[in-house]
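S.K.: Which chain is which? The protein sequence lines are U and L, in order. Counting in the numbering used here, the final residue of the first sequence is number 401, and the numbers go up one at a time with none missing. Counting in the numbering used here, the final residue of the second sequence is number 1470, and the numbers go up one at a time with none missing.
Hints were generated in silico from the structure; no laboratory data involved. Since this is a predicted model, take the numbers as computed values, not measurements. For glycine and all other residues, C-beta sits at the position ideal for the given N, C-alpha and C. Incorrect hints may appear among the rest.
[To be verified] On the chain L side, residues computed to face chain U include the following (Cβ under 7 Å):
no.	residue
1	G1019
2	A1022
3	T1026
4	L1098
5	L1202
6	N1205
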Amino acid sequence: MTTRRKALRLFGGTAAFIGLPGLAFAAPTASERRLVFMFLRGGMDGLSAVPPYGDPQYAARRGALAVPSPGSAGGAFDLDGHFGLNGNLGEMHKLFAARELAVLHAIASPYRDRSHFDAQNLIENGTAKPFGREFGWLNVALGTSDFARGHASSGAQAFALGQSIPLVLRGPVQVGSWSPTKMPVPDADLLERLAALYRGDPLLGRSFAVAREAQAMMEGRDTGDGMGGQAQPVVELARAAGEVLGKPDGPRVAAIDFGGWDTHISQLGEYSQLTRNLRLLDRSVMTLKTTLGPAWRHTAVLIVTEFGRAAAPNGSGGTDHGTAGAAFVAGGAVRGGRVIADWPGLGIRALHEERDLRPTLDLRALFKAALAAQLGLREAAIETEVFPGSRAVRPLDGLFA
Amino acid sequence: MSIESVIAVNRFGLGAAPGELAAAGTDPRGWLSQQVNGAAPAYPVFNKLATSGEALKAYPRWIASLGQVVRGGAGESTPAPSRTVEGTFREQLGPNMLEEVAARLAAAASTPAPFRERLVWFWANHFTVSAEKALVFALTGSFEREAIRPHVSGRFADMLLAATRHPAMILYLDNHLSVRKGWKPQGLRASRSTAFPSPNALNENLAREILELHTLGVNGGYTQGDVTEFARVITGWTARPVMFDLEDTSPGFHFDLGRHEPGPRTLLGGTYSQEGITQGEAVLRDLAVHPATALHIATKLARHFIADSPPPDAVARIARAFRDSGGHLPTVYAALLDCPEAWQQPLAKLKSPIEYVVSCLRAVPALRAAQPQALYAVLRGMGQRPFFAPSPQGWPDTAEAWAGGDALWKRIEWAGIVAARVGSTVDPARLAAESYGPTMNTETRRALERAESRQQALALWLASPEFQRR
């Protein structure tokens, strides 16, 4: 099978696309600011990723799963004398030291039950209810007049990396999506004829238009690496996101899905799923920084999960579904180097339902601050359109430069 | 040719095979009913595939090799991607998985009972076990054959029990690691590994997903207390061999009384004082006929067969049939087929990637000779690698999940390749007319007539808006 790059040459590369309607790139935009939404699906164990080693109850509550204190073998990196960063997050620790990573803890959405699917849906749809809306808050934000004011009117402003568009980016505003392929590019005449067929189809017509735009944007990219065999797609997707957002006239928003955080068993050890995921997360963040190049300076990467995990281990060396957990914000646009947490403690009475880390910070406070700083949204739009009914949740102050 | 027959073969079936629309044409509902009321077709292609027992027999060998990985990799700071636990399982089992995928696609491509086969997919997705989890990699195919297929025309309760006690489900949702408080391994070597400690208490994963996903549904009225109590009920439901039972010689589901938390349990308003495995069976049988379960299943069936937003009247009708028949599935399917909403709107559902590729295989028989590796890679690229659902919730069943630009682009790429390879073997305009007839748009009809070649016409048809739908 011909490689994609060869196929592109075969069909004349860019020539096939020049002059096609609907393919104009976004004109240089007023705003340089970028936002990446990375969703860790499955429920990242915040008490492992960001161990509160200074909490007197931590070691006892976590038992064998307690991450050793900084300085011990396999210990965490120290963040502030109370919180540490898991030893598998070495690159992120460097970012923290460079004040380009902020850590949030005891943070959760308004959801208080323990279903992955409802929890994810609620976080993505932006209302305080599972299935409260059929589209995502990031898409709503892209549709506001505040966003339009600071950005070009043509071309997709947002990109989902992966085969499907996550709910957070779905909605009325056109969104691009892209994932690596090894197939030859369809011929230009076929595409023209298909364009006519799709014209009368609102759903697929729109998808077709953004697909062509995405292909034009990514063409020439060698996609042979990283996806064959035992692929580590998330790092590859981070690389693609960095390349797309790094373009001066490209989209400003990207979403990356990263699944596999539902660690009910055997969290410890070199080869556990949690260890592997943390390392991939670390590499993904570093890859984003590298591929974004100078644009990293203007970027904020939100790294969130649907819930944390129970404070105590379950019977299998893992953890069951919990409530509050940790989140990260990385990027040159972040005023990092600090942990933002109103720490509730891990004593049995301090726990939510005597079981989970109690939420003291609402994820929407982070999202709202990011929308204001990175996408130029004003409070009115955020309160009424993007996160309806959330006025009581104040945006985090001073998190973005 | 009626719209009803187009709906029968494309939406309820797996996409029209040559001549199928004519066969279904005179009595489309009867054509569907006889598929679920008659005997299941035999699929010789499944005969050579491993049973779960055979697959489990090989586990000790894999687990031993896993030990080598862990030891061998201890000194490396960044292990090579394939030298992981998952990598080891997949390296050793890759060929088996390919055979499973090939057999499943082959059965679907040529089955004379496509409605029944679609129901197998529906239920296998309802009771998702995913090869994303390495331990389950070798069991996903046998799960479908052993726990789902025998019960597709039976009672929901029996399928629920079969699925719950299948080793694939036990291992996927960690119930082999859920034990009563204070349990100590006996007669087995206790694990000294910190990475894989012996279990010593509950793991509520399976109990929660049974309530949330398999039976009552997330709004079905259960509490965290019910989850925990149910988890206690099914302690001891395990599979052999598991991590620490390497020398076990009777592979398969196993109820281990020693791991079971004894005593009566109260959940969902009832008290269960049975002992041993019968306690869990009793809870499952009650869950299977619970009104919330009826509503949950009815909603999912209506979403799959009628529309992404299921019409409430149809849901109510199907749920009533479920309740009144105690979950007798042929009665439930009959209610589904009786819903007028099911026959009103053609092309209401966007095909998922597997549905799309299988409908291509059915429409163009020459394609069935395609290499299984190629089909597997194509489906992976489209975002639906067979047997690798992303979570216990299974694959999504609404258009927006599959209609993104990249997903559509992958279908167009595929249509282009397919047409170049086999376009000369078919008459695309006729193929389209004989499978989608009255539901075809004039624009599409005209485009097929004006195509510059048969190959291009076939690419246009397989990528057309109509053929993306069912």
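S.K.: The structure should be examined with respect to each hint, and the outcome stated for every one.
M.R.: Outcome of the hint check:
Taken as an interface hint, G1019(L) does not check out: its beta carbon lies about 26 Å from the nearest beta carbon of chain U, beyond 7 Å. For A1022(L), the interface hint is violated, the least distance from its beta-carbon to any beta-carbon of chain U being 26 Å, above 7 Å. Evaluation of the T1026(L) hint against chain U yields a violated restraint, the C-beta minimum of about 31 Å exceeding 7 Å. For L1098(L), the suggested interface contact is broken, since its CB lies about 14 Å from the closest CB of chain U, more than 7 Å.
For L1202(L), the shortest C-beta to C-beta distance to chain U is roughly 5 Å, which falls under 7 Å, so the interface hint holds. For N1205(L), the suggested interface contact is upheld, since its CB lies about 5 Å from the closest CB of chain U, less than 7 Å.
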